[in-house]
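Peer 1: The lines below spell out each chain.
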Amino acid sequence: MLEKEKLQKIRKSEDNWEKETVQEALAKFKERQEAFSYKSDDFLLDRIYTPLALRNLDYERDIGFPGEYPFTRGVQPTMYRGKLWTMRQYAGFGTAEESNRRYKYLLEKGQTGLSVAFDLPTQIGYDSDDPFAEGEVGRVGVAIDSLADMEVLFKDIPLDKVSTSMTINAPAAILLAMYIVMAEKQGVRIEQLRGTIQNDILKEYAARGTYIFPPKPSMRLITNIFEYCSRNMPKWNSISVSGYHIREAGATAVQELAFTIANGIAYVEAAIKAGMDVDDFAGRISFFFNAHNDLLEEVAKFRAARKIWAKIMRERFEAKNPRSWKLRFHTQTAGSTLTAQQPDNNIVRVTIQTLAAVFGGTQSLHTNSRDEALALPSEESARLALRTQQIVAYESGITEIVDPLAGSYYIERLTLEIEERVNAYIKKIDAMGGAVRAIENGYIQKEIADSAYTYQKEIEAGKRIVVGVNKFQEEEETTMEGLLRVDPAVGEEQVKRLLKLKESRDNVAVQNKLADLRKAAQGEENLMPYILEAVRLYATEGEICNVLREVFGKYRPVEIL
Amino acid sequence: MSENRIRVLVAKPGLDGHDRGAKVIARALRDAGMEVIYTGLRQTPEQIVSAAIQEDVDVVAMSLLSGAHNHLFPRVVELLKKKNAEDVLVIGGGIIPEEDIPYLKEKGISEIFTPGTYTGSVVEYIRNNIKRKL
Numbered sequence: 001m002l003e004k005e006k007l008q009k010i011r012k013s014e015d016n017w018e019k020e021t022v023q024e025a026l027a028k029f030k031e032r033q034e035a036f037s038y039k040s041d042d043f044l045l046d047r048i049y050t051p052l053a054l055r056n057l058d059y060e061r062d063i064g065f066p067g068e069y070p071f072t073r074g075v076q077p078t079m080y081r082g083k084l085w086t087m088r089q090y091a092g093f094g095t096a097e098e099s100n101r102r103y104k105y106l107l108e109k110g111q112t113g114l115s116v117a118f119d120l121p122t123q124i125g126y127d128s129d130d131p132f133a134e135g136e137v138g139r140v141g142v143a144i145d146s147l148a149d150m151e152v153l154f155k156d157i158p159l160d161k162v163s164t165s166m167t168i169n170a171p172a173a174i175l176l177a178m179y180i181v182m183a184e185k186q187g188v189r190i191e192q193l194r195g196t197i198q199n200d201i202l203k204e205y206a207a208r209g210t211y212i213f214p215p216k217p218s219m220r221l222i223t224n225i226f227e228y229c230s231r232n233m234p235k236w237n238s239i240s241v242s243g244y245h246i247r248e249a250g251a252t253a254v255q256e257l258a259f260t261i262a263n264g265i266a267y268v269e270a271a272i273k274a275g276m277d278v279d280d281f282a283g284r285i286s287f288f289f290n291a292h293n294d295l296l297e298e299v300a301k302f303r304a305a306r307k308i309w310a311k312i313m314r315e316r317f318e319a320k321n322p323r324s325w326k327l328r329f330h331t332q333t334a335g336s337t338l339t340a341q342q343p344d345n346n347i348v349r350v351t352i353q354t355l356a357a358v359f360g361g362t363q364s365l366h367t368n369s370r371d372e373a374l375a376l377p378s379e380e381s382a383r384l385a386l387r388t389q390q391i392v393a394y395e396s397g398i399t400e401i402v403d404p405l406a407g408s409y410y411i412e413r414l415t416l417e418i419e420e421r422v423n424a425y426i427k428k429i430d431a432m433g434g435a436v437r438a439i440e441n442g443y444i445q446k447e448i449a450d451s452a453y454t455y456q457k458e459i460e461a462g463k464r465i466v467v468g469v470n471k472f473q474e475e476e477e478t479t480m481e482g483l484l485r486v487d488p489a490v491g492e493e494q495v496k497r498l499l500k501l502k503e504s505r506d507n508v509a510v511q512n513k514l515a516d517l518r519k520a521a522q523g524e525e526n527l528m529p530y531i532l533e534a535v536r537l538y539a540t541e542g543e544i545c546n547v548l549r550e551v552f553g554k555y556r557p558v559e560i561l
Numbered sequence: 001m002s003e004n005r006i007r008v009l010v011a012k013p014g015l016d017g018h019d020r021g022a023k024v025i026a027r028a029l030r031d032a033g034m035e036v037i038y039t040g041l042r043q044t045p046e047q048i049v050s051a052a053i054q055e056d057v058d059v060v061a062m063s064l065l066s067g068a069h070n071h072l073f074p075r076v077v078e079l080l081k082k083k084n085a086e087d088v089l090v091i092g093g094g095i096i097p098e099e100d101i102p103y104l105k106e107k108g109i110s111e112i113f114t115p116g117t118y119t120g121s122v123v124e125y126i127r128n129n130i131k132r133k134l
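Protein sequences appear in the order of chains A and B. Last residue of the first sequence? That's 561 in our numbering, and every number before it is there in order. Last residue of the second sequence? That's 134 in our numbering, and every number before it is there in order.
Keep in mind the hints are simulated off the structure, nothing from the lab. Hints are supplied without guarantee of correctness; some may be wrong.
Unchecked claim - Listed below are the simulated DSBU-like cross-link pairs for lysine-lysine, each with C-alpha atoms no more than 35 Å apart in a straight line: (1) B:Lys133 with A:Lys457; (2) A:Lys216 with A:Lys83; (3) A:Lys427 with A:Lys496; (4) B:Lys105 with A:Lys446; (5) B:Lys133 with A:Lys554; (6) A:Lys235 with A:Lys463; (7) A:Lys554 with B:Lys81; (8) A:Lys28 with A:Lys6; (9) A:Lys457 with B:Lys131; (10) B:Lys131 with A:Lys554; (11) A:Lys216 with A:Lys428; (12) A:Lys554 with A:Lys500; (13) A:Lys320 with A:Lys427; (14) B:Lys81 with A:Lys496; (15) B:Lys105 with A:Lys463.
Stated by the list, open to error - Beta-carbon label-pair distances, calculated as ranges: (16) A:Gly553 with B:Ser50: 17 to 27 Å; (17) A:Arg189 with B:Ile53: 49 to 59 Å; (18) A:Phe36 with B:Glu98: 36 to 46 Å.
Ideal Cβ placement from N, Cα and C applies to all residues, glycine included.
In isolation and in its complexed conformation, chain A is listed as follows (with noise of 0.2 Å):
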């Protein structure tokens, strides 16, 4: 029988089917909702879905091998047969010596990577003793004020070994600068070193606040980056393109892939007019997306990313590297999605998010810890987050072949459906003139925050059900014993050790180098080298940043509500 006859078939078998079997059951009990849709976009859902949803796919075009264009099933050949992904917990908080605790501990328990998070201050550029600094030292993070501070946080840690990934955007030249010279003096060499610098500043504007400078500077430093990277760290991936602050500041699904992309588009787009051939920079892009609890839907927008990507890299941007179509992720579970109400739930509620990761093949992840509602992990917390990727990767037999759910009527509809929606985003967002535009006219932040109003609205109507929030409560909520709090002294602390870093080092020679900076800044010279020099010196952070801020400017958002 020819292709067409059968699909004929089976349209035919399927209407017999709504209108006998179907009517026959739903006239002795209803379904639960008038209609069903993926819960975080208008996208109605079939009852069911069968080769016809996939008569327009074909399967060498579409969906293909692993490992070769366009990638829908995976970057690599093998995957989780070949090697696990990482697995990386984001970690950080108060002093470099706590912080640098907590990373041995995990490393003792099994995690494969390492994953920086500084404190506030650290990631907008003011040292500690800053008066914005006031009350926020050492809190979301690990407070790094110069190379001293850094030495201290990968103290006993073989660099050669475990890859780093550093969650750091605004100031990333000046971090990554105190990585690379840290290593040197732990003795690894700089095309030695493993890892990831986030350096994703659009984001920032669009969804998660530590910005700094304005976009043209920022782009530029951005741009810095990647360059030295290419020339000097083989191994280092120079971004890390980032859809998960989208999609917990509000975004569905569709808009965290669409927005990261077009984020990644306006990256590759600023390197290609710096002068840089594509393929010289385009594989070290990384990217970072939210796995949350709707499942199939995320396992469909991971394998979405990979398939878009590749295309833009190939047909926009004529990359001729395969390696630089490859779309490689890590993904951390939603933050967003965990409750205050009965935190053990939220045990549940990663482990879900941790298959939707492993399905939609990624190279990395971090398990939320129960208690995120309420405080920064403890570390039995941590431990059990962690041994929730243990137990998948090594129990539920999942990774044992690759992109299993393949071929499903309904992934690869919903794959299918995922992309066609994400390039008619990054269309408008073209025809705007780009993501930097479509964010400094509050665009992209405005449908964020549309998204976020309309899901909590669907809480309060009791559309979206939260368990434990708006049902299944418990009258007496138990509390959660041992959280973590960070000592109010660490401020102090940190301060004392930043004056009486001034005093020994050499000042005359700081303040040289950051004249030198300060030229470059004005110029068009590449200013990573003069980064690297000035915190050799043990120039700080803060220092680094002001010089840059008086020759950039702030940056100064639209509020739009």
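Since chain A is already given, all that's left is putting chain B on it; use the hints.
Peer 2: Frame of chain A; chain B shown alone:
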């Protein structure tokens, strides 16, 4: 008519960039008929108080997820007092551990709303507890 509407300043003190909650609350208050002014990110207590006075608000609603609440929330109440504006209702929300709430209330923050709060309860709280006569 409009002079009878409750005026609220939704504020983000400190360096924290998580503004999903603040924006959702701001919209919900606006939909409930209040006049809402949103400060945007990274406001010092001084900036928040000066905006509150300038905009002549009845309520200051602060959102903070960075853990600096014990430091920043009471400072806003203090500064309002200094400006003879203690009749402004001050409320807060965010990731705030249960054990910090008594301290914050003692310092003059009237109510603390933690994750899972319905926007409707914030609206109701404001309507029932507003200190100024409209």
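Peer 1: Next, verify each hint and record whether it holds.
Peer 2: Verification of the hints:
A C-alpha spacing of about 30 Å is found between Lys133 of chain B and Lys457 of chain A, which places the hinted pair at or below 35 Å, so the restraint holds. With a C-alpha separation of about 40 Å, the suggested pairing of Lys216 of chain A with Lys83 of chain A is violated against the 35 Å cut-off. Distance restraint check for Lys427 of chain A and Lys496 of chain A: the Cα-Cα separation of roughly 52 Å exceeds the 35 Å cut-off, and the hinted pair is therefore not satisfied. A threshold of 35 Å between alpha carbons decides the hint, and for Lys105 of chain B with Lys446 of chain A the separation of about 34 Å falls inside it, so the pair holds.
For the suggested pair Lys133 of chain B and Lys554 of chain A, the alpha carbons sit about 41 Å apart, so the restraint of at most 35 Å is broken. For the hint linking Lys235 of chain A to Lys463 of chain A, the alpha-carbon distance of about 47 Å lies beyond 35 Å, and the restraint is violated. The suggested pairing of Lys554 of chain A with Lys81 of chain B holds, with an alpha-carbon distance near 32 Å, which does not exceed 35 Å. At most 35 Å may separate the alpha-carbon atoms for a hinted pair to count; Lys28 of chain A and Lys6 of chain A meet this at roughly 32 Å.
Our distance criterion of 35 Å between C-alpha atoms is met by Lys457 of chain A and Lys131 of chain B, whose separation comes to about 28 Å. For the hint linking Lys131 of chain B to Lys554 of chain A, the alpha-carbon distance of about 38 Å lies beyond 35 Å, and the restraint is violated. Distance restraint check for Lys216 of chain A and Lys428 of chain A: the Cα-Cα separation of roughly 22 Å lies within the 35 Å cut-off, and the hinted pair is therefore satisfied. Straight-line distance between C-alpha atoms of Lys554 of chain A and Lys500 of chain A comes to about 29 Å, which keeps the hinted pair within the 35 Å bound.
Straight-line distance between C-alpha atoms of Lys320 of chain A and Lys427 of chain A comes to about 24 Å, which keeps the hinted pair within the 35 Å bound. Of the pairs offered as hints, the one joining Lys81 of chain B and Lys496 of chain A holds, with about 33 Å between alpha carbons and a cut-off of 35 Å not exceeded. Simply put, Lys105 of chain B and Lys463 of chain A have alpha-carbon atoms about 34 Å apart, close enough for the 35 Å limit, and the pair holds. Judged by the Cβ atoms, the range 17 to 27 Å given for Gly553 of chain A and Ser50 of chain B holds: they are separated by roughly 23 Å.
Distance hint check for Arg189 of chain A and Ile53 of chain B: the Cβ-Cβ separation is about 58 Å, which falls inside the suggested range of 49 to 59 Å. The hint said 36 to 46 Å for the Cβ distance between Phe36 of chain A and Glu98 of chain B, and at roughly 38 Å that hint holds.
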